[in-house]
Every structure is written in C-alpha cells, then in structure tokens.
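Protein sequences, first through last, are from chains A, B and C. 190 is the number that my numbering gives to position 190 of the first sequence; each next residue is one higher, with no gaps. 232 is the number that my numbering gives to position 232 of the second sequence; each next residue is one higher, with no gaps. 71 is the number that my numbering gives to position 71 of the third sequence; each next residue is one higher, with no gaps.
The set of hints was computed from the structure by calculation and includes no laboratory data. Worth double-checking, as some hints may not be accurate.
[What the hints assert, rightly or not] The calculated lysine-lysine pairs, modelled on DSS-like cross-linking and capped at a C-alpha distance of 27 angstroms, are:
(1) C:Lys4 with B:Lys122
(2) A:Lys122 with B:Lys4
(3) B:Lys4 with C:Lys221
(4) B:Lys4 with A:Lys4
(5) C:Lys122 with C:Lys4
(6) C:Lys4 with A:Lys4
(7) C:Lys122 with A:Lys4
[What the hints assert, rightly or not] Now the stretches of chain B that chain C is said to cover, found in silico as 3 or more residues with beta-carbon under 8 angstroms:
(8) 11–21
(9) 72–85
(10) 121–130
(11) 218–224
[Stated by the list, open to error] Pairwise CB distance ranges, derived in the manner of DEER restraints:
(12) A:Pro165 with C:Thr175: 54 to 64 angstroms
(13) C:Ala105 with B:Glu223: 53 to 63 angstroms
(14) B:Gly245 with A:Glu123: 26 to 36 angstroms
(15) C:Gly206 with B:Gly87: 48 to 58 angstroms
(16) C:Glu78 with A:Pro165: 28 to 38 angstroms
(17) B:Pro43 with A:Pro165: 33 to 43 angstroms
(18) C:Pro43 with A:Ala200: 27 to 37 angstroms
(19) C:Pro43 with A:Ser250: 18 to 28 angstroms
(20) C:Pro43 with B:Gly245: 47 to 57 angstroms
(21) A:Gly206 with B:Pro43: 36 to 46 angstroms
Idealized CB from N, CA, C, for every residue including glycine.
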Amino acid sequence: MNAKLITLTTDFGLRDAYVAAMKGAILSRAPEVRIVDVTHEIPPGETASAAYVLRQAAGFFPTGTVHLVVVDPGVGSERRAIACECGPHLYVAPDNGVLTAVLHANPPVRTHLISRHELWRKEPSPVFHGRDIFGPVAAHLASGGRLDDVGEAIDPDTLLRLPWPEPRLEGDEWTGAVIYVDRFGNLVTNLPLEAGAVLAGTVEIGGRCFTLARTYSDVRKGELVALRGSSGLLEIACNGGSAAGVLGASAGHVVTFRVHRRS
Amino acid sequence: MNAKLITLTTDFGLRDAYVAAMKGAILSRAPEVRIVDVTHEIPPGETASAAYVLRQAAGFFPTGTVHLVVVDPGVGSERRAIACECGPHLYVAPDNGVLTAVLHANPPVRTHLISRHELWRKEPSPVFHGRDIFGPVAAHLASGGRLDDVGEAIDPDTLLRLPWPEPRLEGDEWTGAVIYVDRFGNLVTNLPLEAGAVLAGTVEIGGRCFTLARTYSDVRKGELVALRGSSGLLEIACNGGSAAGVLGASAGHVVTFRVHRRS
Amino acid sequence: MNAKLITLTTDFGLRDAYVAAMKGAILSRAPEVRIVDVTHEIPPGETASAAYVLRQAAGFFPTGTVHLVVVDPGVGSERRAIACECGPHLYVAPDNGVLTAVLHANPPVRTHLISRHELWRKEPSPVFHGRDIFGPVAAHLASGGRLDDVGEAIDPDTLLRLPWPEPRLEGDEWTGAVIYVDRFGNLVTNLPLEAGAVLAGTVEIGGRCFTLARTYSDVRKGELVALRGSSGLLEIACNGGSAAGVLGASAGHVVTFRVHRRS
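Excised from the complex, chain A in its bound form (with noise of 0.2 angstroms):
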C-alpha cells in the first residue's frame, strides 16, 4: 500500500491561519493525502531545533512517507528549495540546514531543486513557499508523483548542514552538550547509547554525578538520573521534575559520560 502520507515541521504555531492554508493547499492537490503534524511549535525560524525535531520523528512513519518542513526564515530570497529521497522517505524543504540531522543519519539517494513552476499555485507569495510551492510539491509526491518532476538534479553533496555537534572521546570518558530540551525538561544530549547494550557510567553535568540508570522512576521524585533517552541519546531528566529546571541547563551545557569498566 502506498503511504501517501505528508507529516508537517514547521515554526508557523497553532493559533494563525498559516497550518490550515497550507493544509487546504495540499489537499487540493491530492484530495486522498493524510497529513500527520509533527509539530508547529519551532521557536520562528530555528532551524536546528526543527533539524532535531524532525529527526526524532521521521523515522518512525511508513515507507514512503513525504516529510515536508518549513521553517524557512530566507523565504523568497535566493536560497535553495529541495526535494530529497533519503533512506525511505522523502523530504521536502528549504535548503537551509532543517535536514542536518536527517541528512546525518541516512545519505540522501537523490536530491532535486524544486525550480518546475508547474506544480506551483499561481503566482506565489514571495513570504509564503509553504502553502504555494512547498504543499504542492509534497503533495505531488505524495500523491505518486515523480521527483524528477519537481526539478533539475542537484549533487547531494551540496545540501546545507547546520555544524552538528561531535561528542570526543578521551580515554574512558566521552565528553558532549545538551543539544534538546524538551517539554518535561529532559535534557537530550549528543551522546549516543547502544541499545540493549549492557551500560555502566557516571554521569556529570553542572557539578552533579550520576550514575545510569534504566528508567525515570528508578530514583525517588524529585531527583535527577540519567539514562538512555527513546532516541538513543544519553538524556538527563528528573523523576517528576525538570532537569532543565534544576540544573538550570540548556542546549550548549556540557556533560561527561565515563563508562565504567568492569573489573
């Protein structure tokens, strides 16, 4: 069966008519479409928020799925509009740096501008390429329409990408930074963590240490723990409290990890 579903990443919010427009657009377009937000709720026009964001959702849609995202503060200046095919997905964004982390993870197969004024609605807002020119070309996927249909192939190679941070490992401790924090106050680090791995480690982040553990309630209310977070990450939370809050960290904070070695 084929997916024919568009989910939406974009800083446009929930209260203006900017969602709904570009909804009724695609629709449009391909009456059949589903549309999953992912979220409208990206601080205006941060780009690396959107690029994390994204990336902890993409993954877990079908086959074929259209990813389009649109925060997009250059709109209608000369900065690129793609189209890309990457892992099995496709995205569908201003090529300003919102696919970073997914770019990252899976290399994109094929990329194309999107330059064919075809697909478009009529005489686009200069301030409005979501509704005019993105939605149509999700859509146009979506529904089963060709990628090289939406442009001229471009070298993947080229794509923007936001500076990702690394973490470094030096002897036993690999030292990152909060690059997320979410709405509980979970501090999401850079750190990833193996899955099913048997990990031992202390943890340390504006002076305090901790030890590993499995889940949030494997301390008492109200303390921190570290764990790893459901995208795989080291992640600092807070047993029915805000690690953010007490920590008073943010994104760019450092962390230490030192694996433990069994002995």
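Once you have looked at the hints, place chains B and C on chain A.
For chains B and C alone, kept in the frame of chain A given last:
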C-alpha cells in the same frame, strides 16, 4: 470527488476535551468525513479574530469543504445559528459576525437557519452547541446532506456583520489600520495590494517610514520591512524579529501607504 | 462500518517529536487507522486530569473507537499496562488511574494485561512505551485485532483507581468540590445535575451565592453564573470572563448546592 472535508475554527483551546467531543460527535454522524483544524486558539469570544483567521484559511480548501466556526459567546441565547453557501464552500456558524470577512469576499448565495432539531444530538446542552448542534449539522452537510434540511431559508442580508475597517484614499495616500498580529509579530493591515503589480511606495507606522519590499530578507536582520503579505494585504514585519514588539503596535494602529508615482 | 479510530490523550505537549513518533508507530502498524487527538496538554504526569478529560471526550466517539491514554510517570517501572473493553469502546493505558472516571461510568467487561511482546516494537525503550508498546497495541485493536492477543485476562477489579471525590447530601444541600478548571476559567464541579429536569437552586462558592441559570448569557457580562455544564455537572462560569480568576478558585474548592423546594 466530493471533498467531505470539515474545517474547525474555535476558541476551545487544546487542553480541554471540547474539541475532541465535537470531533467525536461529527464522526459519529459521518464516519467518512475528514476534519482539518484551522485553529482552536482564537482568544475566548473574539469573533473579529475568528472572522479574520477563517478568511485567511478558507479559500485554500477544495470545493465543497464545510467550514465550521464555533466562537460563540452567546451560546444558548437568542442569537441565531446559520448555515450558508458562499463561494465554493459551505459555512456553519453562530450568526454573531464570525463570517464577516468571508461574506465580505463572497456574497452568500443561500442562507438557512439551523432550526430542524432532527439533525441535532438529543437534548442539546445550552452551553455546547458546537458538539450538539453545529457539529452534527456540519457532518450532515459534509456527507452530502441538503442545505434545505437544516432549517428555513433566510435573507443573507440579515446576517450579522461586524464593523470591518475600510482603508481611505486621499490624493495618493492610503490610510488604513493594523487588523491582526500573527505569531511572528507581523502586523497585517487592511490595505490590499494587487498581486503581480509593480508596486512602489512608502509606508508609515508609529513615526517610522520605509519603502515597500518583496520579502523579509530584503532588509537586514532586526530591521523593519513593509511588504505584500501572503493574503494580499500590506504587512509590516521585522526580519528575524517581531514588528509588533519593535513598534509596540497592535490591532487598531494607523498605517499610511503613499504610492510612488513613476516620473 | 468498523470505526478504526484511535484517540490520543497524553502529556507529551505539542512542541517535541513524541506525539508524531507515536502516530508514526501506529500508522506503520495500521495504515488505515484514523487518529484523533483528545489532548496532548495534560500537565506532565497529572493522571487525575487525564482521567477527567478522557471521560469528557470518550463517550462522543463511535462504537469501536480505541482510546489510547499515555500519561505515564511510572513508564518502565513495575506498573502494569492494560487494555480493556468498557462500554462501547476499547481503552489502552498504563494501570495508574488514568481510566478512573471512565471505569466509574462504565464497568469494564474484559480487561487484559499488555504482556505479549509480539505486538510491540522491537527493543522497546523503557522511557517511551507510548511509541513502542501502547501505540502498536492500540493499532492492533483498532485494525480489528483481538483483545485476547495483547496478553492474559485479569480481574477488572484489580485496576488502580484514583480517589474520586463524591458529593455529599445533607438535608436538601449538596456539598461537592471543583474538580477541573477549563481554558475559559469555568469551574467544573463533581455535582451531577439531571438533564432536562426543571432545576432550581442556590449555589455557593467562596462566599458568593447565585441561583442556577441555563446558559452563560443569562447574566450580564462579567457576572458569575452557575449552570448545568456540557458534561452534566454543575459548573460555575463568568459571562465573558474567567470564574477561576474572579473567585481565585481552583480544583478542590468546596461548592454547595441547595435545591429549591417548590412550595
């Protein structure tokens, strides 16, 4: 293909059960209908805000879409409930002005009172017509039911319209007002600018002057810019920031636009 | 027609990737299922709030709907995960009290542990059962899978129930409490009022007294009003304002209702 789409514009918010109860009532009547949220974040009871947001979204949906609006501070009182055909779409709403902007753009062809109890849920709550009356009526219409069946025809001219500010032209200077502030802090005015026209002019608001640009990034980060917004109205924005914040401006603020003569 | 509907009630919020990851996991298992959000704005970990909101929405959905609730502060701990049939619907949730209000209204017919790993995603994260266990199980049930397949049957009486405040009657005076404050600042109490009955009475809260009305606009703008809310419970509201704000009241505040005798 019949659209079988219902859009929702309400002030119910997203944290209570109201939106879901209304969707459940709709899907119980018309399981095949698809529901798209315009917004549920209209400030409580603000009919003018609903009128504007609905207008910005409605036109982008397929022919036959039913737009349901429940911003209804007078629920259960003597205010009328109506359904009307207006352009290519149907509208279901309290007769309290929420359709003002839509009616302004598309004179309604047929308008009916919502008065036939047969379509409603049994024993409708006097405080939740969205769930018990409007939702089921929208479901009836979206699944192909006749407009005649919802109640008696009435004269469209009797529909309540909110005062809708019209811009004034004196010499070559238009005077208008901010009518909406979006989540980005963009100031949308009531001054329409023709699409595709080669526009040039000077905009003044709050003692600040600037010339018309094409898109946000035509000015440097942090600078104000005036442009044709995505709905065809003059808009004042701030590249990478909030024009509302920079100018301390909100709905009602006066804006002038002086058209440049070609010499 | 089989409903193939899943509703979602969570505390995930709308800005992270969690809701979308769970929806993706559901749609990967059951591409034909339709998903309706009840809310994702339950305050983190507040099971009582989830119990109330779920109850207000669930009953309005078609027969066969699967209601999935993931407010799960004990995720990954020894708390049980369960699926049950209750009235015309199915429920999938942690056994932590989030079903209290639903169970109160409809005694569960069949209740099963969620214990058969075959239905789950491989290597489920101990911190995201919504995506890896509950979502796939809900997808199984919504697409016609058997309740027996999710795990062994258990005694419904063993399900965890939160304390649910019952109103007390003394003479002709009911004493109850505010159990929920909605986005409008309406104070929902635990005092049920029969539908259609000719009700008359005096309500007292925080030293303020008023007689029962039918709808908000039965009193002047800014005035308090007591009425039968849309879920059949006594509610204190403020026409055009917030009763919670005016009264400084919140969940737990005592309310009395003295029934008027006809003389």
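Hint by hint, here is what the structure shows:
1. C:Lys4 with B:Lys122: holds, 25 angstroms
2. A:Lys122 with B:Lys4: holds, 25 angstroms
3. B:Lys4 with C:Lys221: Violated. Lys4 of chain B to Lys221 of chain C sits at ~38 angstroms, over the 27 angstroms cutoff.
4. B:Lys4 with A:Lys4: Distance ~18 angstroms between Lys4 of chain B and Lys4 of chain A Cα, so the pair holds.
5. C:Lys122 with C:Lys4: holds, 24 angstroms
6. C:Lys4 with A:Lys4: holds, 18 angstroms
7. C:Lys122 with A:Lys4: holds, 25 angstroms
8. 11–21: holds (count 10)
9. 72–85: Our answer is that it holds, as 5 residues pass the Cβ test (under 8 angstroms) against chain C, meeting three.
10. 121–130: holds (count 5)
11. 218–224: It is violated, with 0 qualifying residues against the three required.
12. A:Pro165 with C:Thr175: 54 to 64 angstroms: holds, 58 angstroms
13. C:Ala105 with B:Glu223: 53 to 63 angstroms: holds, 58 angstroms
14. B:Gly245 with A:Glu123: 26 to 36 angstroms: holds, 31 angstroms
15. C:Gly206 with B:Gly87: 48 to 58 angstroms: holds, 50 angstroms
16. C:Glu78 with A:Pro165: 28 to 38 angstroms: For Glu78 of chain C and Pro165 of chain A the Cβ distance comes to about 37 angstroms; the hint holds.
17. B:Pro43 with A:Pro165: 33 to 43 angstroms: For Pro165 of chain A against Pro43 of chain B, whose Cβ atoms are near 40 angstroms apart, the range 33 to 43 angstroms holds.
18. C:Pro43 with A:Ala200: 27 to 37 angstroms: holds, 34 angstroms
19. C:Pro43 with A:Ser250: 18 to 28 angstroms: holds, 22 angstroms
20. C:Pro43 with B:Gly245: 47 to 57 angstroms: violated, 29 angstroms
21. A:Gly206 with B:Pro43: 36 to 46 angstroms: holds, 39 angstroms
Hints 3, 11 and 20 from the earlier list are contradicted by this structure; the remaining hints agree with it.
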